[in-house]
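Q: Below are the chains, spelled out letter by letter.
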Amino acid sequence: MSFLRLVFRRRQGEQDLEEEIQSHLRMAACDRMESGESGDEARHAVQREFGNVTLIKETTRDMWGWTWLDALLEDLRYGLRMLRKNPGFTSVAVLTLALGIGANTAIFSVVNAVLIHPLPYSHPERIVVLSGAPVLYSTPKTTGSYGEIALVDWFSHTRSFENTAIYETGEVNMAGAGQAERIKASQVSVDFFRTLGVQPQGRTFLPDESVPGRGQVAILGEPLCHRFGAPDDVIGRTVLLNGMKFTVVGVMPAGFTFPGKTQIWLPLPLPWTFEASHISADTIFFTPIARLRPGVSLIQARDEVLRVAFPASDAESTEARKDFEIKPLREALVGNDRPMLWLLLGAVAFVLLIACADVANLLLAHAVVREREMTLRAALGASRLRLIRQNLAESLLLSGLGGLAGLLLAAWSLGGIRLLVPSNMPLAAPIRIDGGVLAFTLAVSLASGLLFGLLPSLHACRSELSGSLKEGGRLNGSARGHLGQTRSLLTVMEGALSVVLLVGAGLLIRSFARLSEVNPGFNTQRLLTTQVSLAEGIYQAPTRRNEYYETVLQRVAALPGVRSAAFTSNLPLSGAAVTSAFELQVKEASKQPPPVGDSRDALLTAVSPSYFRTMGIPLLAGRLFEDGDRDASPKVAIASESLARAFWGKENPLGKHVSLPITPPDWCEIVGVVGDTRHAGLSAEPSEELYLPLRQSASPTAFLVIRTEGAPALITAEVRRAVAEVDRNEPLSEFVTMQEHISNSMSPSRFRTVLTSIFAALALTLAVVGLYGVMSYTVSRRTHEIGVRMAIGARGEDVVKLVLGQAFRLILLGVGIGVIGALVLTRLLSSLLYGVKPEDPLTFIVVGLLLTGVALLASYIPARRATKVDPMVALRYE
Amino acid sequence: MQGTLDLLILQTLQWGPQHGYAVAQTIRVRSGEALQVETGSLYPALHRLERKGWLKSEWRKTESSQRAKYYRLTPSGKKQLASERAQWDELVNAITGVLNPPKRGESV
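Just so you know, the sequences run in chain order A and B.
With this note's numbering as the guide, the letters of the first sequence map in order to residues 1 to 878.
With this note's numbering as the guide, the letters of the second sequence map in order to residues 1001 to 1108.
Simulated from the structure, these hints should not be mistaken for laboratory data.
Among the hints, a few may not be true.
[What the hints assert, rightly or not] Quick list of in silico lysine to any residue cross-link-like pairs, SDA-like style, CA-CA up to 25 Å:
{"hint": "1", "chain 1": "B", "residue 1": "Lys1079", "chain 2": "A", "residue 2": "Met63"}
{"hint": "2", "chain 1": "A", "residue 1": "Lys57", "chain 2": "B", "residue 2": "Arg1028"}
{"hint": "3", "chain 1": "B", "residue 1": "Lys1078", "chain 2": "A", "residue 2": "Met63"}
{"hint": "4", "chain 1": "A", "residue 1": "Lys801", "chain 2": "A", "residue 2": "Leu812"}
{"hint": "5", "chain 1": "A", "residue 1": "Lys57", "chain 2": "B", "residue 2": "Arg1072"}
{"hint": "6", "chain 1": "B", "residue 1": "Lys1056", "chain 2": "A", "residue 2": "Met27"}
{"hint": "7", "chain 1": "B", "residue 1": "Lys1052", "chain 2": "A", "residue 2": "Gly13"}
In this text, all values refer to a predicted model and were calculated from it rather than measured experimentally.
Produce the complete structure using the sequences and hints provided.
A: As structure tokens, this is what we get:
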């Protein structure tokens, strides 16, 4: 409505202005005729005096204020017409921009989901995670009750926090209809949900449910609840967890899975412990979270906790203070992913810059063609500002179309990106194109439109207007030379940017390859893994656990397709149990350098005798565990190579003794040394690991590892059935092959490597296309000169040399600048690299050669074309 | 100077409504042919002043019974004229002071 009125007013004003000017002209002419001039004379004089009617109208219209919209519409309409008239130019430019903007949109949608989208909690910025405060674990076994958790004493009495809570994650057996299954559970203190600021349907835990024995209640995650029915029906029902009845009191809203991928929340303390690999653990490590009071800063809270939690000033407390950290929840969640995401965003920004340079190049070439049109428009009274505005309107139209196409491209690529995103990347929201992403795309499109539109606009503004009309369409030399220079400069920049990207991608590929070559210390092929937990019920007694383990192993090993099977409390590369390091007392510590104290942290792993054979871990000295290593027999242990070296240096570890943190303390004799395995990941150092016979330590939870004859996936059903026959209430968790564990552990590396490589390839392509365009343009510009050269005897190869020589100079300059840039920028990568230095010469050389080679190839095509120049035609040209 | 043209236009219209051509003629005649107002500046200026609310325009018949667009001062235009006039006087005084500095003897 208002738009129509605007259009109507514009018409009205237009007519008015026309009439006003005509009346002026008439009156002026009358005056002149009165003073004796003839009618024609007077009219001509008046016209001359008045000046350029169109221009005056235009500047006057500008005073109306609302003309900007009108002018914009007109510019856009005109721009659209121009783009339609040059479909080839338009589609290349739009496609180029779509690639650049699409890549940016796709990566930003990940960045948005991880770093920007607010966490789905109320005032998430006030939620903090604490770590390293010593009172945050209890000694449940020695005190006999989980209720006496020391942390409550000081943590809940701090004044910096509005709410405080602790949690621990693990798994529980859930029995319902059909087979029992393992689900991810978290035990949380009463204020957990209030601290996060989320409210379940139903209710949260009540204070008296933290009294041991009272808290047989559970809150379900939305997906889990869905299996039973609607939340209203499920609340009030009971579920069987680890053989005990729990009443469902609440259901969390969809999407809430904190911490980790929790499916069910239980009130702390539980009648059992989650500790996956605890053999004799009497401590539980809880993660504390808190909600800052409004107005309390992180530093204030930190100071208070340090004061309250570490009152002593002895050396131990001083040391412990250093370990204490307090971080915003988001920081704690995404800490490691942030540099990687910035890296990717930087990479796509480079791609977009190259795309913009390409389009600017295209526009500049196009500007030559349109020089006459622009000149004509200027002569007809269009102001320079107006011409620039027209140019910018076209650029923005292009970038708008590019942005739209890029959005489609990004939406299409999101499926692949979701697959690539490491599964442990903490997402605050699903990866999708939401309002924030749309705004980003719009901003990026506008910015790139301005960026690549500015150059041609300035060029149009500078060009000698009257000159090009007079010369009948030929450009004057200086404007052309300047144009060529600008285009060359853009090409050099593109080359340099793609060198940086290629080097980055090259380094990441090299480290990925290095990572894949790492020997984890065992044979990773055809290895099937799963987990059992025997923490409760009849399996409280270690003998019952041992019976269970033995029976399961017998049954599984007898299955067709199974080569061997074993139990272990820690599984390398499974992403679990990395933290369960224990202090060992060493009886006969080496006094050789490096000096070792008489205690040291190590990873404790309880294994069945068949473990080393099943995994393919080599025995280096002594013997493996045997069936004879039982409860009653002398305690024995096997050291990993690096543990043996760390504890006893070059001395023979066999026959040495270590003591475990179990009650009562008991010395174990080292009977063997085996090869190292990597637990924390392929890039991590091998763990110092001490193996104990499962029968002498009877871990309540264990991994079942199976070496299969054929593909591991084929026998999962049989294994599950065989294990269920032993005890149908003891479910196995999901089957994961070792290859999948490795794939998971490499997923962050794969994510950044694949994406950066795609972007680098994109950058290379765009840069080469840009170079090709410039060289083609150069050849066509020099047709005359080449014709002359050929007429006076230059051969084809001379012409090729001439053209390639020019291209080579550009490439060399680009590569040179790029290498310098890469040397500076790849240092930022160093934390993401493995086994390769940021200044790795091989990568730099290969990238330099690759770019030069591809670029020369692209220049060869126009060079060949130049040799086809017919001297006669060329001389007539222009 | 844009401000100067605005001032001249406002001043010219103080004596009564005028159309654009007449404004230009009046300025020319009153300045003793010294100031030729370019139409390229006159019309943008008139339209700008109208948009600022200092002028109002209407179509009327001239003495020779031709249709022409007449501009007249609005009350706020009168205020604007007064203030611009004051500024101008100040400027002229200042410049005059610089151009005709007091003689040496007088300053001591």
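Q: Check whether the Cα positions of lysine 1056 of chain B and methionine 27 of chain A lie no farther apart than 25 Å.
A: Distance ~21 Å between lysine 1056 of chain B and methionine 27 of chain A Cα, so the pair holds.
Q: For the pair supplied as a hint, lysine 1052 of chain B and glycine 13 of chain A, is the alpha-carbon distance within the 25 Å limit?
A: This hinted pair holds, its Cα atoms lying about 16 Å apart.
Q: Is it true that the CA of lysine 801 of chain A sits at most 25 Å from the CA of leucine 812 of chain A?
A: This hinted pair holds, its Cα atoms lying about 15 Å apart.
Q: Run the distance test for lysine 57 of chain A versus arginine 1072 of chain B: straight-line Cα separation, threshold 25 Å.
A: Within the cut-off at roughly 21 Å; holds.
Q: Within 25 Å, alpha carbon to alpha carbon, are lysine 1078 of chain B and methionine 63 of chain A?
A: Within the cut-off at roughly 21 Å; holds.
Q: Does lysine 1079 of chain B pair with methionine 63 of chain A here, judged by a C-alpha cut-off of 25 Å?
A: Within the cut-off at roughly 21 Å; holds.
Q: For lysine 57 of chain A and arginine 1028 of chain B, compute the direct alpha-carbon distance and say whether it is at most 25 Å.
A: 22 Å, holds
In this structure, none of the earlier numbered hints is contradicted; all agree with it.
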